[in-house]
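All chains, please: the whole structure from these sequences, using the hints.
Chains as they are written, first to last, in the working numbering: chain Y, 12 to 375; chain V, 19 to 368.
Think of the hints as simulated: they come from the structure by calculation, not from any bench. Just so you know, not all the hints are guaranteed correct.
Mimicking DSS-like on lysine-lysine, the simulated pairs with C-alpha atoms at most 30 Å apart in a straight line are [as the list claims (entries may be wrong)]:
1) V/Lys-179 with V/Lys-287
2) V/Lys-287 with V/Lys-60
3) Y/Lys-13 with Y/Lys-94
4) V/Lys-102 with Y/Lys-94
5) V/Lys-60 with V/Lys-252
6) Y/Lys-140 with Y/Lys-94
7) V/Lys-102 with Y/Lys-140
8) Y/Lys-94 with Y/Lys-38
9) V/Lys-103 with Y/Lys-140
10) V/Lys-210 with V/Lys-179
11) V/Lys-210 with V/Lys-327
12) Y/Lys-94 with V/Lys-103
To list a few chain V residues with every Cβ distance to chain Y over 10 Å, as calculated [as the list claims (entries may be wrong)]:
13) Lys-210
14) Lys-287
15) Glu-317
16) Ala-319
17) Cys-352
18) Ala-365
C-beta: ideal position from N, C-alpha, C; glycine also.
If you want the building blocks of each chain, they are given just below.
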Amino acid sequence: MKLLFVSRLERGVRAVRALTRYAEIGKRLGHEVAMFGEPRADFPSVPHSMDIEAFDFAVFVIYEAHDFPDLPHLAYLLDRMPKERRIVIDCTGTYNETITVEHDCNHFVQLNGHESWEWIEGFEAVASKILQPTLTPLREDVRSFLFFAYDPSTEARPYRSPQEAAAAWSGPNGASKPYGVIYVGHNWERWDQLRRFFEALEPARSRIGAIHLRGWAWDHRPDWAVEHGFQGVDVDLDFLKRAGVETGGPIAFDEVVALQGQARFCPIFHRPLFNQLGLVTNRTFETFCSDTLPLLMLPERVVESIHGHDALRLRPGDDVARRLEDMMRRPEFYWEAVLKTRAHLAAHHSYERRFEELMTILEN
Amino acid sequence: MNILFMMDRRANAGSIQAVASYVRAGDELGHTIAVYGQPDPKYLGIRWSTEFDSFDHVVFVCEFGIGWMSALRMSRILTQVPRKKRAVLDADGMYNPVVCVDMYDRNHADEHNRARWVAHCDAVADKIFQPTLEPLNAAVLPLPFYGYDPTLRLELGARPKSFDIVHLGHNWWRWREVSSRVLPAIERIRPKLDGVCFVGLWWDMVPAGAREQNLEMAFEFDMDRFRRLGIDVKPAVPFTEVVSAMSEGRVNIMTQRPLFRRLKLLTAKYFEIFCADTIPLVMLEPAHAESIYGPAGRELALHGNISDKLLDVIQNPLRYRQIVEAVRIHLVDCHSYHRRLQQLVDALRS
Chain Y
12 MKLLFVSRLE RGVRAVRALT RYAEIGKRLG HEVAMFGEPR ADFPSVPHSM DIEAFDFAVF
72 VIYEAHDFPD LPHLAYLLDR MPKERRIVID CTGTYNETIT VEHDCNHFVQ LNGHESWEWI
132 EGFEAVASKI LQPTLTPLRE DVRSFLFFAY DPSTEARPYR SPQEAAAAWS GPNGASKPYG
192 VIYVGHNWER WDQLRRFFEA LEPARSRIGA IHLRGWAWDH RPDWAVEHGF QGVDVDLDFL
252 KRAGVETGGP IAFDEVVALQ GQARFCPIFH RPLFNQLGLV TNRTFETFCS DTLPLLMLPE
312 RVVESIHGHD ALRLRPGDDV ARRLEDMMRR PEFYWEAVLK TRAHLAAHHS YERRFEELMT
372 ILEN
Chain V
19 MNILFMMDRR ANAGSIQAVA SYVRAGDELG HTIAVYGQPD PKYLGIRWST EFDSFDHVVF
79 VCEFGIGWMS ALRMSRILTQ VPRKKRAVLD ADGMYNPVVC VDMYDRNHAD EHNRARWVAH
139 CDAVADKIFQ PTLEPLNAAV LPLPFYGYDP TLRLELGARP KSFDIVHLGH NWWRWREVSS
199 RVLPAIERIR PKLDGVCFVG LWWDMVPAGA REQNLEMAFE FDMDRFRRLG IDVKPAVPFT
259 EVVSAMSEGR VNIMTQRPLF RRLKLLTAKY FEIFCADTIP LVMLEPAHAE SIYGPAGREL
319 ALHGNISDKL LDVIQNPLRY RQIVEAVRIH LVDCHSYHRR LQQLVDALRS
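Here it is, written out as structure tokens:
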């Protein structure tokens, strides 16, 4: 199968990790996968192509309107790839009526001018099939396709047993890593959850270790957000200082697994909207590749249905500090959950599996 | 003919007043004119539609920015409206070579930007119109587009006069002319004038993002100078209140950005100002003013000694009202929206 992915590829945001994996693993599986566009020096290993007619399908991976190519390239795509061979993967649930959760929303009209009807009619014009990375799409005309996946070949340390993992994790003096907690992700509709998380860590902070927050706009609130009263990029620098959280700018997608491995714990958060819609992201899976104990700050139904039953141990529950203290006391118990979850993800959510699912959808 | 306009939705800028007049003229002449989108109470008099099937042609009204022509929006049009039914009105003269006037106003920052803009329009349509009678680019079709709508006219005495002079328009590449010609003229006669008011955006602030786009020069202003001259600044008004706001001034000055003057681009303001209960003075070359407004228009061209002209108008309103009336008669004859709509229909059919 020859797949032409259409999206905006940047090194630190959106689906870049997944798209690069699709390109590499697709080739291994005998498919031809490329990104639509001219070759990019910053993505030397990712094939790019403008030869639309050489591909069987165009797969639009869409987070926001800018993920569609600009004119005239959009026109070329629509002219040269028939609609029945164009599909959209709607990563943020925009192909729904407007849904607001707290101040998160699937249509930020004040930012992009597009109301729900325009998203819906736009997607319907572009594609014959619309997929969403959730097990529970709301609309009948949407098919579930998780898109993001787990790649065991990128596990930083593929331990053979919980004992081995726990020993490495604890280190000779019980402090093998420079950080207690690292969260890598951008400041976009996550602040409220992070603030609650940091507050909850407070009783055990001295024993957990340094806390590092890495991504866009954790060190300032952008002017445009202030101007528009946009709460999705809220941050409280005084609070972060009081909580002992050091911040850093965004990192490239291929540095995330290693950086997360510098911490004993890495929380996984989804935006409130994503929690409500059951949408998964790259980080839903990728954090399990890092040499760290993932903390699944996700709804129980999402964890159980995606990560498997054993992963429930990695949900800290209401008393986060107490759970982390317990993890430090008996790391083997929790590393057993991590290794079982890794195995579950490898069996059920590998990129190979995703290719099979995608082929079924495309050929149906 | 049924015509759907697509445009950046802005109630206080651009071509929205003109489009409202097209809707009215269409209703009177048996054409259906609408704007793409869903109904919005802020836009009185506008008909909205998202049903491409109901229209014979789609006309994109493009100004400086084309961000509103997002791919999401365009994908639907590109797949549902055949190319031969689409046309672009290039209101700001962007579909041209890079034109820079006096190292100041320009249509594009550079060749890359120009190529991107032109490629965008070429992808949309074959027909590119510009509101000028003398396009630079042979591929562009001249179409005056903007016209005079007497239904907007405010009669004499309809509004009390709060100012001797009003300037209504946004501070977008206007500062050089305003600071070098208009303000010195006002300064010379300021003691003889009652209030002076500038209405519009960016006379007292630079918008967010101007620096990042290297557009700070387009928004230059000097509030201290305005204060010293006793000039009031009022915020922009929606298109439905433009004529009323102009009518607060005994005299209205129309300036035009240098690029538009160089390209001889018409704007809605050329005609809107004659709907107001005021005496319009237009900063145009007399010959150009005459070509639009008829022979009487020469008298309203503001050039040469601006101070003396302003005083003359304020001291002799009766004489100038007669001149303005003569221009209005010419505008009804030559530049009505009935005529404009017929020109648009013909251009789309051709």
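Failing hints, ascending?
Checked against the structure, no hint fails, so every one of them is satisfied.
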